[in-house]
Amino acid sequence: MFDWKWDFTWEILPRLVYATGNTLIAAGAGYVIAVVLGLMLALAQRTPSRALTFTVREFVEFIRSTPLILQIFFVFYVGPQFGVRLSPWMSGMIAIGLHYACYLSEVYRGGIESVPKGQWEAAIALNMTTAQKYRRVIIPQAIPPALAGMGNYLVGIFKDTPMLSVIGVAELIHTANAIGSENYRFLEPYTMVGIIFLAISLPAAGLIRLFEGYVRRKLGL
Amino acid sequence: MGLYDFLAQYWPRLLSGAGITVAQFLLAAALGVAISLCMGLMKLSQNALLRGAAVTYIEIFRGTSLVVQLYWIFFVLPLFGLTIEKFTAGYLAVGMNIGAYGAELVRGGILSVPKGQWEAALAINMSPAQRMRRIILPQALVNMLPPWGNLMIELLKGTALVSLISVADLMFEARQINSSTFLSAQVFGAALLIYYVLARFLVTPFMRWLERHMARKLGRT
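Residue numbers (my numbering), protein chains in the order written: chain P, -18 to 202; chain E, 40 to 260.
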């Protein structure tokens, strides 16, 4: 292409590969937080307490309706104002984990609601406690229908990690910015970042679909 | 400084930022809808070339991150002699990104129209263009409007990223005020609230109204 320099591309590649590692760690850690917290948010909306359900519901709506990048800034800058200093990684993981937890809570909710009523009644008939009911009957059946949504948000969280660059997490875009301003060349770093994203997210989406099919077959669905 | 005093002092800047955000939202939405329609129809075309073009477009824009696309359009395209002003680059990137997601909704919507409708249109001797415009698309539109509501919220949130290329939107103004005053909780809190109000009390009600309006027009209420 026009002015594409291959030697420069090879020269910056190790730095980009290293940053890809950071991007994957950020996405992975954020996702783990989101998976756990999301389940808690979903279950919190199923308690008998109307006030709790309402509060959690509105909170989820609020987080889902506002930009992640703004939430990242909020977590990063508001802490120090009250004497809590969080590192960029910490605040980034909290913000992105919380944001996706809210999305995942909706996915779980759909999954839980898809469990037939007879299963609940059967669990009650067996004299299970609420915790047993969820752990042994409801959640195992709620996860398979939720898998597609969960997989999409795993790819989603990966594609949203560039927003962490704004508070200085050294992921792909942050590194590309640095390379670009050191060398006054933006063509190769940004293009390579785009290619790396494609090279990861397209196979990942395919793998997730395969995995989903595998789980469904395993469960005889 | 309390939120009230803060707003009394800084509301003009937040308001002008919100104005830019709304302008970016409307332009990106118009572009996104046009691209969705175009790419959605192309993906269903008989012509392999058109189909291939649509698939490539959709996979590239869905497989990479909006931040990467934004930087590429703003920083790399000028190297090819195509310099785009930042305001334009902003809504262009957001609109093109949303268009790729919308294309799948359009495709799904069209495929959800029952086969009998296609055959009926054929039976009364309509040309393919007439059939699409007068029979298929109106019904497809009603079917796909609910997910479009979610996509419009994503679009609104996406516009916050144009602040990264210094478009003076709400996010940008919030960052500016934050860096000169360090009143992080107030400024980011106010910005979160404004985004929430835009999403919850303007975008969502409008999309709900549109759903009802279109359903009524098709006599489906």
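Hints may contain errors.
[Claimed, not checked] If we take Cβ atoms under 10 Å as the criterion, some of the chain E residues that face chain P in the derived model are:
| hint | residue |
| --- | --- |
| 1 | Phe114 |
| 2 | Ile123 |
| 3 | Phe126 |
| 4 | Phe227 |
| 5 | Gly228 |
| 6 | Tyr235 |
| 7 | Met246 |
| 8 | His252 |
[Stated by the list, open to error] Quick look at which bits of chain E chain P covers, simulated, 3 or more residues with Cβ under 8 Å:
| hint | segment |
| --- | --- |
| 9 | 138 to 144 |
| 10 | 180 to 187 |
[Stated by the list, open to error] Not close to chain E: a few residues of chain P, all C-beta gaps over 12 Å, as computed:
| hint | residue |
| --- | --- |
| 11 | Lys140 |
| 12 | Glu163 |
| 13 | Ile176 |
| 14 | Leu200 |
It is worth saying that the hints were derived from the structure and are not from the lab. Computed from a prediction, not measured in an experiment: that's the story for all the values here. All C-beta atoms in this analysis are idealised placements derived from N, C-alpha and C, irrespective of residue type, glycine included.
Hint by hint, here is what the structure shows:
1. For phenylalanine 114 of chain E, the interface hint holds, the least distance from its beta-carbon to any beta-carbon of chain P being 4 Å, beneath 10 Å.
2. The criterion of a C-beta within 10 Å of any C-beta in chain P is not met by isoleucine 123 of chain E, whose closest approach is roughly 14 Å, and the hint is violated.
3. Contact between phenylalanine 126 of chain E and chain P, as hinted, is not supported at the beta carbon level, the nearest pair being about 18 Å apart and thus beyond 10 Å.
4. The interface hint given for phenylalanine 227 of chain E is met, as the beta carbon of that residue sits about 4 Å from the closest beta carbon of chain P, less than 10 Å.
5. Given hint, glycine 228 of chain E at the interface with chain P, holds; its Cβ is 7 Å from that chain's nearest Cβ, closer than 10 Å.
6. For tyrosine 235 of chain E, the shortest C-beta to C-beta distance to chain P is roughly 5 Å, which falls under 10 Å, so the interface hint holds.
7. Hint status for methionine 246 of chain E: violated, given a least beta-carbon distance of 13 Å to chain P, over 10 Å.
8. Look at histidine 252 of chain E: its Cβ only gets to about 23 Å from chain P, farther than 10 Å, so that hint breaks.
9. Only when three residues or more bring their CB closer than 8 Å to a CB of chain P does the claim for the segment 138 to 144 of chain E stand; here the count is 0, and the claim is violated.
10. Remark: the segment 180 to 187 of chain E is not confirmed as covered by chain P, as 0 of its residues place a Cβ nearer than 8 Å to a Cβ of that chain, below the required three.
11. With a least beta-carbon separation of about 4 Å from chain E, lysine 140 of chain P fails to lie farther than 12 Å from that chain, contradicting its non-interface assignment.
12. Here glutamate 163 of chain P stays apart from chain E, with its beta-carbon at least about 14 Å from theirs, past the 12 Å limit.
13. Not every C-beta of chain E lies more than 12 Å from that of isoleucine 176 of chain P, the closest at about 9 Å, which undercuts listing it as non-interface.
14. Its beta-carbon lying about 26 Å from the closest one in chain E, leucine 200 of chain P satisfies the requirement of being farther than 12 Å from that chain.
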